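Visitor: Protein chains in written order, with our numbering: chain A, 1 to 264; chain B, 265 to 1010.
The set of hints was computed from the structure by calculation and includes no laboratory data.
All values reported here derive from a predicted model rather than from experimental measurement.
Treat the hints with care, as some may be off.
These stretches of chain A come out as covered by chain B in the derived footprint (C-beta under 8 Å, 3 or more residues) [unchecked claim]:
| # | stretch |
| --- | --- |
| 1 | 81–89 |
| 2 | 135–142 |
| 3 | 163–169 |
| 4 | 192–200 |
Note that the Cβ used here is the ideal one computed from N, Cα and C, for glycine as well.
Read off the chains here:
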Amino acid sequence: MPNLARRASTIVAVVIAIAAASVRGQGIAPAPAETRPAREAPGEFQFVRLAYSSNNVYGSSGWGRRQAWQTDWPDAEHHFVKGISRLTRVAAAEQGRILTPLDEEIYDYPWIYAVEVGKWYLNDSEAARMREYLLRGGFLMVDDFHGSWEWAAFIASMERVFPDRPIIEIPESDEAFHVIYDLDQRIQIPSRMFIYSGVTYEQDGYTPHWRGIYDDDGRLMVAINFNMDIGDAWEHADWPDYPENMTALAYRFGINYVIYAMTH
Amino acid sequence: MFETLFKYSRADYARSELIFAGEWPLLLIAGLALLAVVSIVVMLVWRRGNASVFQLATIATLQIAMVAVVLALLMQPTLTTERLRDGDNAIALVVDNSASMAYGAPASRFSEALSALSGIVPDGGADSGDFSIRHYAFSDTARPLDSFSGVTAEGNATAIADALRVILSEAQFSSLAAVVLSSDGADTSGGLTAEQLAELAAFGIPVHTISVGQSSIPEDIELEELAIPEKALPGSTIVARVTVRHDAPGTAQVKVYDDDELLQIVPLALAADVTTTTSFIEVDLQKAGPHQLRFTVEGEDAEPESRNNSRARLVNVASEKYRILYFEGEPRWEYKFLRRAVNNDEDLSIATLLRVSPNKFYRQGIDSPEQLEDGFPTDRNTLFAYNALIIGSVEAASLSAAQQSLIRDFVSERGGSLLMLAGPNGLGNGGWGQSAIADVLPARLPPSSADSFHRRKADVSLTPQGAGSQLLRFAAESADNRAAWLELPQIADYQLVGNLKPATITLLNVDTGEGLLPLLMTQPFGRGHAWILASGGTWRWQMSMPLEDQKHETFWRQLLRELVASAPQTISLTASATGGNAAMQLRAEFRDEAFQPMNDVGVTLIASHDNGESVTLSMQPDEREAGVFGARLLPAESGTWYFEAVAERDGEPVAVARSSMLHESGQSEHFGFRSNPDLLRRISEATGGGYFTPENLAALPDMLRYSSSGITETEYRRIWDAPAFFLLLLLLKSGEWLLRRRWSSV
């Protein structure tokens, strides 16, 4: 019960933050003068979840209802961050953060995670902010969207971010698949529903795709994990029924993305 | 007057010794003196009358004084003086015939000098009778002449010390009694050192100097000095130090040319209370290859000499690949953004060794699969192949004691640059303050038990040294640069570094909220330099500023270029101008892969000119520095000279060093052409000679005649018959007579 109360209060805070961000207007406000933070940052790496607006394809998510970007939150990052700390030398903060595209603080976190991006909507200002964020050196990992409809919805906003950059299949040789783990297996990582349905895909997303958008120097900026659910594998790492090998693989993909983002 | 009274001049007395030449025994003189005193006293007492004691004493004193003078004259006082023996000695008359002696109006300095020398020997060349005369003219060296007729002022350089050394060396074979040198003192050989003066003084022959010319020429401005790096990396900005000589206030401008292309015009204010004004001018050099940079200063008015307004230097912009090894103990944003900042810099190659997990190192920027395969280098050759080393957030204990010593040698012996970055496991936290490289670092790091790393945003500011440093330049103008630094976002973290060492220079500070602390600092150590950047959070400059902003990239590119540029190569050849551009000094250094000096090689220098002329010289080992060889070249041709220093062992070439230099023959005499009487005065004082001007030469002939050098004889000159003595006797006797009459009682 206390756990539920904590979650509810956090959700309310996040929703208020999003509302406040939207009230700021469509343009990017000038950065206020920096002030000295009251306390030290909790770590070099902090898991940041992107809070976005819904595209209404699946109906609006209003007050009191769980938003699409909240999927798997907060267990996914709690579990995954512990894995980062245990398996790498990254000084990772235990607590994650939630930021909208227009939050000025987003530039303090060069790695960001967006889930269920088949349901996201980025307006022009948000798209411009994400474009600037990525070109300055930020890294975006998107996950947990399936089938042709969600791909189309994802593309609709992503093309506002990068109208002229192609989305391509990440080559096997890309360092993103080798920077710490050699990820030669291309196995579809399923959601928890696999335990009940026995199928690893959702909608018409039968084949998993690891796609990406690169910058002018050939560095991966956006890792697009399509037709798979890495976040669910992180979230349910402690669930006995969820396949352990899927969780392990999801950890490895996630860690590789983090290390890649911190080295390229 | 003095000479009338005492027979000889004051100078004669000054240089002479007084002796008594009389043959009377001293005992007899003493006896006579005693007898005279007793007699005087007895006679005065016996016939004292009404005289007081004072009157008796006065008369006695006058009489005794007169007796003393007479006895002194009986002893025949004589002056003895050493003087040149007639016909056995030589005097060298030396005239400066360098081109600067042609200046002057209505009469040139050269004609003034000849006139002054002729005044000493009126017939203009024949022997004086007392001594023989030798004639010399000199510019870069001295040449013996039969006479001064036909000599003109057109020498390309002035090397007074070299010329005097040649002339004085002849004293070994003949009796050279003195040298008389007439010059403007405008030496172009780089001045006169204390060692050179001592060497000239050691000959024991006085050098009398006659100074001609003006030391102040208000109507002329001169580009006195141009200091500029010989080498630069493509795309870098170099700073030229331009010193302008002026004897009057005003304004001027400096034009900078790259070959024939005008790069920039820099205004210059010439202050009233100084005679030189120095300006620092930045020049961007983008393309690789040799750049002939010419700096020309132009004043407001026409000048008597414009050839001293321009200087040129050759700057070799070499597109070499400089290698940096970056050892990092944990994945972090600084690592990523540092690599990205210099990703497109073709002159920098960063090989990184990153510990991504407890059991895995990740390598980037390697040239081959084998590079850094076994982790951090364990031998000199491998580590010393890098120009600079960056150590990030990693514990000292992750390296063995031998590897830590290797890092120390990397800085002190190889001359490499070490940059330590802050981090939770870096600097003090990593135990580097107690490691083998603690001495190398510019700060005494706190112990690892004191957590000195703080993930707290903080402002960065330039120190005064940093404001003047080229590597922290975002804008050419100082004010713009300061403004650019003020606009920078806060860094993400900082680390306390403890007390700084005495030789440390701090370039950046961080505002921790409790005061300013050093952020970027450096100190020299051995042949190299050690740096600390007490932050791992400059990446915020990249993420928090617009994409177009290049300050983060510029900061890291300039800092890393500074690190590699100051690290010497295994082989090098540098050419520099000496003797006011008249000569070139070549310095070659040969070391093996482990940066040990190559002492077992012979080095040949091949100098080639654009026109095909070629000169081959043997380079001599430097006695003070192992592995270093030197040569001096006096090129006749102006233009670009290309040099190859070939090191050979057992007849086989083992290494070749190359360089080039721009030479401007015949220009040096037009620089620094103001007369330099101080230099001539120093020479005279050091050698025991006299300093003269053409208007004040009267004492010189006697100084020559009575020179203590050469073959001398003793001259005896009696002075007992000097009028002064007889006048004194008369005064004493007259005084006594007058007093006796006045008192009428003695």
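Visitor: Next step is simple, just say for each hint if it's right about the structure.
Guide: The hints, checked one at a time:
Proximity of the stretch 81–89 of chain A to chain B, defined as three or more residues with a beta carbon under 8 Å from a beta carbon of that chain, is established by the 3 residues found. With 4 residues having a Cβ less than 8 Å from any Cβ of chain B, the stretch 135–142 of chain A passes the three-residue criterion, so the hint holds. For a cut-off of 8 Å, the count of residues in the stretch 163–169 of chain A with a CB near a CB of chain B stands at 0, and the three-residue condition is violated. Judged by the Cβ-Cβ criterion of 8 Å, the stretch 192–200 of chain A is not covered by chain B as claimed, because only 0 of its residues qualify and three are needed.
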